[in-house]
Amino acid sequence: MSSPHPETLPTSPEGRTAKTAHQRWRLPHHLWLAGERLLPCAVILLIWTAVSLSVHFLRGVDMPTPWQTAKRLYSLLGGSTVAGSPLLLHLQASMLRWISGFSVAAFLGISFGLLAGSFPWFSRATRAIPQVLLMIPGLAWIPVALLLFGIGEKATLFMISVAAFAPMAINVRDGLRGVDPYLVRAARMMGTGRWSLFFQVLLPAALPAFLTGIRLSLGTAWRVLVAAEMVVGTGHGLGYAIMQSRWTLDYTAAFVCIALLCLIGLTLEAILLRIVEAKTIHRWNIAKERS
Amino acid sequence: MIRFAEVGLSYSRGHGEATDVILESINLQVSRGEFVCILGASGCGKTTLLNLAAGFLRPSRGRILFADKEILAPDPRRGMVFQDATLFPWLTVSGNIGFALKQQGIRGRQRAQIVTRHLELMGLSECGDCYPNSLSGGMRQRVGIARVLAMESPLMLMDEPFSALDPLTRERLQDELLQLHKINGQTILYVTHSIAEAAYLADRIIILQHRSIGHDIRVDASLPKDRLGASCLRLQHQLRRVLMPDNNIPLTPKI
Chain A
1 MSSPHPETLP
11 TSPEGRTAKT
21 AHQRWRLPHH
31 LWLAGERLLP
41 CAVILLIWTA
51 VSLSVHFLRG
61 VDMPTPWQTA
71 KRLYSLLGGS
81 TVAGSPLLLH
91 LQASMLRWIS
101 GFSVAAFLGI
111 SFGLLAGSFP
121 WFSRATRAIP
131 QVLLMIPGLA
141 WIPVALLLFG
151 IGEKATLFMI
161 SVAAFAPMAI
171 NVRDGLRGVD
181 PYLVRAARMM
191 GTGRWSLFFQ
201 VLLPAALPAF
211 LTGIRLSLGT
221 AWRVLVAAEM
231 VVGTGHGLGY
241 AIMQSRWTLD
251 YTAAFVCIAL
261 LCLIGLTLEA
271 ILLRIVEAKT
281 IHRWNIAKER
291 S
Chain B
1 MIRFAEVGLS
11 YSRGHGEATD
21 VILESINLQV
31 SRGEFVCILG
41 ASGCGKTTLL
51 NLAAGFLRPS
61 RGRILFADKE
71 ILAPDPRRGM
81 VFQDATLFPW
91 LTVSGNIGFA
101 LKQQGIRGRQ
111 RAQIVTRHLE
121 LMGLSECGDC
131 YPNSLSGGMR
141 QRVGIARVLA
151 MESPLMLMDE
161 PFSALDPLTR
171 ERLQDELLQL
181 HKINGQTILY
191 VTHSIAEAAY
201 LADRIIILQH
211 RSIGHDIRVD
221 ASLPKDRLGA
231 SCLRLQHQLR
241 RVLMPDNNIP
251 LTPKI
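As you go down the protein sequences, you meet chains A and B in turn.
Number 291 marks the last residue of the first sequence (the working numbering); no jumps.
Number 255 marks the last residue of the second sequence (the working numbering); no jumps.
Errors might be hidden in some of the hints.
If we take Cβ atoms under 10 Å as the criterion, some of the chain B residues that face chain A in the derived model are [claimed, not checked]:
(1) 60
(2) 74
(3) 80
(4) 82
(5) 84
(6) 86
(7) 127
In short, the hints are calculated from the structure, not lab data.
For each residue, glycine too, the CB sits at the ideal point set by N, CA and C.
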């Protein structure tokens, strides 16, 4: 007795293979994926619109909607200015400060973490430093920055670096100290020398913690940058532009700057960190190994 | 090959506090080519003994000599297969097997040839470019063994390497290990808590009891290696009586 193959598709009168429900849903799979990714953005835009309209009707205040913000962004990109300068100039100034501040924090944090992770005596002697720095909010550094450097670029750089240092230092240190001791034993059993052990075993094994440190440090640097520009900025930057827009009641421009801050943060995370993670720890499955 | 002379290991809990004795008065000499199983209940110091042989730990008392020289640190001549394969997840299977060779300064084509030979030997030819996370437990242990074989360590230390595997894979790997031992003639120190495993694999069984060597049993090498054979079952029975004297096991098993 022959039975139809379970995967044989029914054929339509025209001779074309009829699509099953499964196939019909399979076709736009990529679209579904894209939709899933865009859904959180759509939810945020909906909530934003709802809040703007509610504020307008309840309090009679014009809060910019996403649509008004997008229109203002278009005009700003077309040449109009915010806080006396083109938007791209503010963006460039902020990015430069962010990269400089993060670079200083990353250099110091990684150096500190490597030393503390490698030498227990150094770790014991300096254990409190990153913990104390972690407890201090970014804005609390304003008086210290002003006293040390006065108003200007150096104060901004100091605030970013000092705030972004601790997450990097702690993650690098703990990442190195948390490497599976059996991996170290295996390496030593195979005759691995001190430097090879460090570069070929400890560093790759601690990579997930390093990436977490970079992610947290980048985020902290970004947040402190805006706060620093609002208070000790030097005439350019997104934070400065937000503050000036508030004084000139140009709230739509302020919203443009806030939206840009979010977009840049998300884009950089997606481009830099996710790609690195996909090529390293996800491919190697280190997180699963550890669990 | 390796000799433990009055070896003891103890840890002090702190200044003025009691001392934990892990091992005491271990005297053991293992000759070249022997397959020695170290058997004992959990926590009796089996793995500690292996860690001492590897050089991961230093004894509190006594000396451990390998090729007539005192063991002071880990060395590729005493390769270890761990309970969990302990492969480097960021390296491919080939990379893991070649890691030790790289440390020994073996470069390029020569290293690739050695790696390929050991991939073939362990039936891993298809997996050279795989990362360890994509392998089954049995395959990972094969890589762990291939890594030590590629190092050509004259002494192989194995810490319950098959204990986490399913029974079928375990038996297959036990057979493969016996074959490799027969071909290469390496000296093997094999820690296990399985009586059946020790009875099947070993030329000699060391039973650790009360922190020291309780029994040293030599297995008749002329007997066939058959896990269901009468000699193997009789040996298992004998080991059970030694390890569990209060269990009222009859003197002669019904086989």
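Going through the hints against the structure:
1. Here the hint on residue 60(B) is broken, as its CB sits about 20 Å from the closest CB of chain A, past 10 Å.
2. Among the interface hints, the one on residue 74(B) holds; its C-beta lies about 4 Å from the nearest C-beta in chain A, closer than the 10 Å criterion.
3. Interface restraint check for residue 80(B): the shortest CB-CB distance to chain A comes to about 5 Å, inside 10 Å, so the restraint holds.
4. Evaluation of the residue 82(B) hint against chain A yields a held restraint, the C-beta minimum of about 6 Å falling below 10 Å.
5. Taking 10 Å as the C-beta contact cut-off toward chain A, the hint placing residue 84(B) at the interface holds, the least distance being around 7 Å.
6. Satisfaction of the interface hint for residue 86(B) is found here, the shortest Cβ-Cβ separation to chain A being roughly 5 Å, below the 10 Å cut-off.
7. Interface restraint check: residue 127(B) against chain A, minimum CB-CB distance 15 Å, threshold 10 Å, status violated.
In summary, the structure is inconsistent with hints 1 and 7 from the numbered list given earlier, while agreeing with the others.
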